[in-house]
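First to last, the sequence lines map onto chains A and B. All residue numbers for the first sequence refer to my numbering, where the first residue is 1 and numbers rise by one. All residue numbers for the second sequence refer to my numbering, where the first residue is 1001 and numbers rise by one.
To be clear, the hints were calculated from the coordinates, so they are not data collected in a lab. What you are looking at is a predicted structure, and each value in this text was computed from that prediction instead of being measured. Ideal placement from N, C-alpha and C gives every residue a C-beta, glycine not left out. Some hints could be false.
Here are some of the chain A residues that sit facing chain B, going by a computed Cβ distance under 10 Å [what the hints assert, rightly or not]: (1) F8; (2) K24; (3) M39; (4) M89; (5) V110; (6) W132; (7) V140.
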Amino acid sequence: MKEHWFEFFVLLLYISLSLFYPGKVQQAFWVGIGLFFKMLPIFASVVLFSTFLGVFLSPKFIQRFVGKDSGIKGIIIAVILGTVIVGPMWVMFPMFKTFMEKGARVAVVVALVGTFAVKTPWLPYAATFLGWEFVIVSVVLIVCYAVVSGLAMERLLGE
Amino acid sequence: MQMLGGLIYGIIVFCLYAYMFKKRKKQASSALKKGIVQFFNRLPMILAIFLLIGLFDVFVPKEVVSSVVGGGRGIVSVILSVFMGAVMMGPVATSYPLGAMLLCKGAAVSAVAAFLYSWVMLGVTVVPFEISVFGGRFALVRNMFAFIGAVVMGLLTSLVLTGGPF
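Generate the whole structure from the sequences, applying the supplied hints.
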């Protein structure tokens, strides 16, 4: 019950709104169902791609690339890895912390965290809604900002 | 076009699995199993998300959206969107269709881009956890950078796509 609170919330919303606006609610329902079926194949690909990356990109594997003396190469690799990691951000925090404890550069970890907003497996999904133009522009901007803020934060936090 | 994108994506994922099934069968099959389980686990939630977006589409009038986060309000709409994104929780799957819907209803491109970035990078409810893991100083600086980033991202995205910052 607790893990499905969101679904129940939407269900309740539908029931209570349909008491007052049955016509509009029916219209909303068909809009939602239409979107759902349109997205289903892409959603399946996203999930399968995510679990694929989850299995083959273990923290141990990433660890190899983010060492202290990894220089600019480390940052580039962090950017690439950051874009393919998926899952909610707070789940990643302990993993990033471990990297830092094991000697990863602050800039590398920040670049990892920063490019996390790209979420490569979700891009085709995002593009069906927002268009590729929007998606590509944001990806480029996110990556640039991740590198810049990584280097700036490293300066700011010292070490 | 959209169907084509989905198809290509599906083929890429299929090829990745096919390749890994040859090389490391055990890991690949565990990834596939996890994927199928997750797909069905998440299905009700995805359905609920789209039904909610249907409601949003039908019930929230265009005037409301454009008066809150429309281009006419300049930087206010961008900063407001950053805060909205920071408060919002939930999977990114929700954020993209919601962003597209906001655009359709007259929200500024800058506001939507800022909202999407902030959705992922800022989380009001996660801050205590972040502090407990990284310490206050790191958490403060990172969140500050993410906040500035969301605003900058919004303005630049709009500048590239529409020729103006809002």
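To see whether the hints hold, each was checked on the structure:
1. F8: holds (9 Å)
2. K24: holds (5 Å)
3. M39: It holds, given that the least Cβ distance between A/M39 and chain B is near 7 Å, below 10 Å.
4. M89: holds (7 Å)
5. V110: holds (7 Å)
6. W132: Because about 8 Å separates A/W132 from the closest Cβ in chain B, which is inside the 10 Å limit, the hint holds.
7. V140: holds (9 Å)
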